[in-house]
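Engineer: Position chains L, H and V against the provided structure of chain F, taking the given hints into account.
Below are the chains, spelled out letter by letter.
There are 4 protein chains.
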Amino acid sequence: MSTEMSTMLRRLIESRSTILAAGAHNGISAKLVERNRFDAIWASSFEISTSFAVPDASILTMSELLETARVMAEVVGIPIIADCDTGFGDAANVYHMAHRYSAAGIAAVCIEDKRFPKTNSFVDGCSELVSPGNFAAKIESAVRGRGDSELLIFARTEALVVGCGLDEALARAHAYADAGADVLLIHSKRRDPEEVLEFGRRWQRRTPLACIPTSYYGITREEIQAAGIQVVIFANHAMRSAVRAMDRTLARIISACSSSEVEGQIASMKELFELQGMDDLVGHFR
Amino acid sequence: MSTEMSTMLRRLIESRSTILAAGAHNGISAKLVERNRFDAIWASSFEISTSFAVPDASILTMSELLETARVMAEVVGIPIIADCDTGFGDAANVYHMAHRYSAAGIAAVCIEDKRFPKTNSFVDGCSELVSPGNFAAKIESAVRGRGDSELLIFARTEALVVGCGLDEALARAHAYADAGADVLLIHSKRRDPEEVLEFGRRWQRRTPLACIPTSYYGITREEIQAAGIQVVIFANHAMRSAVRAMDRTLARIISACSSSEVEGQIASMKELFELQGMDDLVGHFR
Amino acid sequence: MSTEMSTMLRRLIESRSTILAAGAHNGISAKLVERNRFDAIWASSFEISTSFAVPDASILTMSELLETARVMAEVVGIPIIADCDTGFGDAANVYHMAHRYSAAGIAAVCIEDKRFPKTNSFVDGCSELVSPGNFAAKIESAVRGRGDSELLIFARTEALVVGCGLDEALARAHAYADAGADVLLIHSKRRDPEEVLEFGRRWQRRTPLACIPTSYYGITREEIQAAGIQVVIFANHAMRSAVRAMDRTLARIISACSSSEVEGQIASMKELFELQGMDDLVGHFR
Amino acid sequence: MSTEMSTMLRRLIESRSTILAAGAHNGISAKLVERNRFDAIWASSFEISTSFAVPDASILTMSELLETARVMAEVVGIPIIADCDTGFGDAANVYHMAHRYSAAGIAAVCIEDKRFPKTNSFVDGCSELVSPGNFAAKIESAVRGRGDSELLIFARTEALVVGCGLDEALARAHAYADAGADVLLIHSKRRDPEEVLEFGRRWQRRTPLACIPTSYYGITREEIQAAGIQVVIFANHAMRSAVRAMDRTLARIISACSSSEVEGQIASMKELFELQGMDDLVGHFR
Chain F
1 MSTEMSTMLR
11 RLIESRSTIL
21 AAGAHNGISA
31 KLVERNRFDA
41 IWASSFEIST
51 SFAVPDASIL
61 TMSELLETAR
71 VMAEVVGIPI
81 IADCDTGFGD
91 AANVYHMAHR
101 YSAAGIAAVC
111 IEDKRFPKTN
121 SFVDGCSELV
131 SPGNFAAKIE
141 SAVRGRGDSE
151 LLIFARTEAL
161 VVGCGLDEAL
171 ARAHAYADAG
181 ADVLLIHSKR
191 RDPEEVLEFG
201 RRWQRRTPLA
211 CIPTSYYGIT
221 REEIQAAGIQ
231 VVIFANHAMR
241 SAVRAMDRTL
251 ARIISACSSS
261 EVEGQIASMK
271 ELFELQGMDD
281 LVGHFR
Chain L
1 MSTEMSTMLR
11 RLIESRSTIL
21 AAGAHNGISA
31 KLVERNRFDA
41 IWASSFEIST
51 SFAVPDASIL
61 TMSELLETAR
71 VMAEVVGIPI
81 IADCDTGFGD
91 AANVYHMAHR
101 YSAAGIAAVC
111 IEDKRFPKTN
121 SFVDGCSELV
131 SPGNFAAKIE
141 SAVRGRGDSE
151 LLIFARTEAL
161 VVGCGLDEAL
171 ARAHAYADAG
181 ADVLLIHSKR
191 RDPEEVLEFG
201 RRWQRRTPLA
211 CIPTSYYGIT
221 REEIQAAGIQ
231 VVIFANHAMR
241 SAVRAMDRTL
251 ARIISACSSS
261 EVEGQIASMK
271 ELFELQGMDD
281 LVGHFR
Chain H
1 MSTEMSTMLR
11 RLIESRSTIL
21 AAGAHNGISA
31 KLVERNRFDA
41 IWASSFEIST
51 SFAVPDASIL
61 TMSELLETAR
71 VMAEVVGIPI
81 IADCDTGFGD
91 AANVYHMAHR
101 YSAAGIAAVC
111 IEDKRFPKTN
121 SFVDGCSELV
131 SPGNFAAKIE
141 SAVRGRGDSE
151 LLIFARTEAL
161 VVGCGLDEAL
171 ARAHAYADAG
181 ADVLLIHSKR
191 RDPEEVLEFG
201 RRWQRRTPLA
211 CIPTSYYGIT
221 REEIQAAGIQ
231 VVIFANHAMR
241 SAVRAMDRTL
251 ARIISACSSS
261 EVEGQIASMK
271 ELFELQGMDD
281 LVGHFR
Chain V
1 MSTEMSTMLR
11 RLIESRSTIL
21 AAGAHNGISA
31 KLVERNRFDA
41 IWASSFEIST
51 SFAVPDASIL
61 TMSELLETAR
71 VMAEVVGIPI
81 IADCDTGFGD
91 AANVYHMAHR
101 YSAAGIAAVC
111 IEDKRFPKTN
121 SFVDGCSELV
131 SPGNFAAKIE
141 SAVRGRGDSE
151 LLIFARTEAL
161 VVGCGLDEAL
171 ARAHAYADAG
181 ADVLLIHSKR
191 RDPEEVLEFG
201 RRWQRRTPLA
211 CIPTSYYGIT
221 REEIQAAGIQ
231 VVIFANHAMR
241 SAVRAMDRTL
251 ARIISACSSS
261 EVEGQIASMK
271 ELFELQGMDD
281 LVGHFR
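Chains as they are written, first to last, in the working numbering: chain F, 1 to 286; chain L, 1 to 286; chain H, 1 to 286; chain V, 1 to 286.
Pulled out of the complex, with its shape left as it was, chain F reads as follows:
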């Protein structure tokens, strides 16, 4: 399973100039990502933490994140990239993480160079990095932990997020690629994409680059391609739209004590049965 989906993701990366992934937090959001023809699913720890209504700050454990990724893997046919935060501890934890995620049929794991327990990158002043050597050891540990599987390892540097600058970000990226990372994710929380684009222009190695244009959403496809960034992750929009929509729907229902007004704006029961696979079940079995 893992190997199958990992292989699919490796081939996508080898054959396409741009890979688009979108964040999901459960089976249905993963299915919608697939139905909208994204190439891969980002099993976002921000989205999943939100779905549990707990802070995106290492409060959920690997168990809950893994189980959620597994639920997705059982219902979609595209690769899942699991956002694994810091790797849940030290290099020993990362070893077990890689073993368990590959056994679960997940295509890729992504770990970042923040200290455990982490705080979401968009919360100011809370993040601290581990040393490059320490993080490189985690990557090597993930490589060992995946064993024979093809599990991809995304290494994410937060050097720009914590304000260390481009040189440090590049130095770390080189160390992580040397340690065996399959993809390098360069993260930024600025409104303009310039530092990410500059990073891309200065990156000359074959290890592919990924980015998450949350704050610098004005970036264009052309800019991304010109900078040589191959994997683009829209990491949190499914959840952000779901929350807005649920909130409005609930507000309208309670104020009217009726769902009459919202009926036209929400998916029908029939549409949800289709997404569930109900017709198949009934047709074959009941």
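Some clues are possibly wrong.
Since the list gives no way to pick one copy over another, a pair counts as held whenever it fits inside one copy or between any two copies.
What the hints assert, rightly or not - Below 20 Å or equal to it, Euclidean Cα-Cα: the simulated SDA-like pairs (lysine to any residue) are:
#	residue 1	residue 2
1	189	279
2	270	36
3	189	261
4	189	274
Read the hints as simulated data drawn from the structure, not as lab findings.
Structural biologist: Coordinates of chains L, H and V only, in the frame set by chain F:
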């Protein structure tokens, strides 16, 4: 915990003419139901099945439904009514169910008189009822299983859904109230609310009534009150609005290869951090 | 994963005259089964139910049994045969079961022709069978549910257990083999093995046979081979010995208010660290 | 639930000179601890890690340890003291831990002053302590996290284990008691109990003491009482006896290809059905 939330729900039912509940499928949707001032959360098996992207047809087990209800209970301060389908088997299963849900701090469980494995009531031609005696035995078993806790037991009859008519529905309702049901849920899948309203008018016992106005959404608060129905459950609208919103957002992102256009229509990162409780965490700990 | 372990089990069955499996209920018992050179692990619903201290009567759900099998699969290198009782409902449940167990890397699932919810076969007077056609449909459903994977499907008939006699048992076995069962498990609760042996002698098809010599423990390897039974499952002895040992140890400790007397008779901390893989972890990481 | 069992444990501690607890790792071992009349169950992270066959080194997450404690809580009527290692991260993690364990009906949590990720105390040279202030902050966080519940907080110092000496151990113990610890656990890995006894003699505060006589098993009840230690935890013997017994049973079965010889030495199926509660289920329901 269970006793605390169960007591809160019992008091609400004793003191209010109308109780409004809304369906949820995870921690965040539960939190939004609470924030919008509903009285209680309906831990909907339809919504939860949708969230796993599997048919609402006894494919999820009690374990997954219970775990989801528990996640909700840990983050909200209003009662949860857990939609427990058929009780997951026979009376022995119901006994264990009541024991486990009360230990998890859930205020109420709702079981229905369909045969296990069930199919969602809005799927035509798939539902079959167990005998009234068989279902009354399940209710008695739930009463024993809750032990000293105050767990409420909602008994739901599908007699109208399968076309057995009002007399059968009323006869079953009497048997279920005799067996110890705390609330009687009368379900219907017709577009007009007439059979539900007539049921309400003919029900003369003190056991409160509940209804789920999904198909007969045109029903008014006044009609509900006039018919003596006290608990109104908007069972699936949160999920239906989330699916529609996520689908549209993902479609727009992939067609533009950019989230630029959707930014204004979705919740901000900041709003989601608030819902997660991130500020509290950062303020106290990091 | 599934395919890998399933293939290993298929090859074992093709190449060996006798396959020995033993029951387990968690990671460590599975590891001990492997260390003692059994060919496969029986993820026993009786043992697992005992480990949760609930009746072996469909009280645990598939979720808990699957999760336990997965824990085993992550720590051993031999195939796991998962005891899946009745398949957890009807043919639709069996379909999802086969899909999920194969995704979890389990080599084989075993379903039996008792009615859901089941009661353990060694409890008198509680078991009732579904019709042969109904059960054959479950097997076909498992075949479809496994998709491309090599997951083996064991079909277990309880015809002898409920007293239907050999002819009925054989008729059912033929129907199940026709439906696609990979292995036929003939169960019995008599003290003497005669009915099992006779079944074996009368079975002329290529579908291999399995048995569980719990009550007829006097049976010899020679008798088993002479009857053409290939897979022998010692289904519950690990748990039965663990319970006896823990009970005695605890009794001695409490009566002496000291563990001094039991020290010599129990495994050392060091031995348990080895089984945990602690040395590896410390050597590599800490 | 939590409050109920926490209150029971508080009363035991107030009314008895010695409280005896024993380690368990699943429902059945917990039930055997209860049946042998221990006062409380120690939900041992060493035993639970062993049951998963992974190192006792923060490889299991809180989710797995909590779920295991919950399984125990659902089947016994005595208090459970959950071994929570370091609290699974920093003070923010501890806050959530206390909230979730109290919601699960667990009587007490025990956290220790090792750095996360921890390694078992009996593994040489791997442990490092956090500062007393850092750990006191965790205790305060647990106090806040338990909210209105009566959850007890055990604070365990590893100062003797890492060789810091008695003075440091006592200084830490005072800081932890000041921070709100309900019970102080003094741990040691020496063969003789002298340092633990000396600690007890020098401890003059009302906060009760606990110890785990694994390595210094020669200690007597009289010595423990004379030193003023009130809670004695036999933390790992159930698992150690289970492993030894399962290993021997499996070895004998495979060498004989028969369970005939072991039948007399292991618990009967009937005894396990009793422990499962099967008679009750069958009597009432099937």
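Engineer: Does each hint hold? Answer for all of them.
Structural biologist: Each hint tested on the structure:
When the C-alpha separation of residue 189 and residue 279 is checked against a cutoff of 20 Å, the pair qualifies only between copies, where the shortest distance is 18 Å, while the shortest distance within a copy is 44 Å. Taking identical chains as interchangeable, the C-alpha atoms of residue 270 and residue 36 lie at most 20 Å apart only when both belong to the same chain, with a minimum of 19 Å there against 26 Å between chains. In this assembly of identical chains, residue 189 and residue 261 lie within 20 Å of each other by CA distance solely across copies; the values are 19 Å between and 39 Å within a copy. In the homo-oligomer, the alpha carbons of residue 189 and residue 274 lie at most 20 Å apart only across protomers (18 Å), although the nearest pairing inside one protomer, at 38 Å, exceeds that limit.
Every hint, counting from the list given before, is met by this structure.
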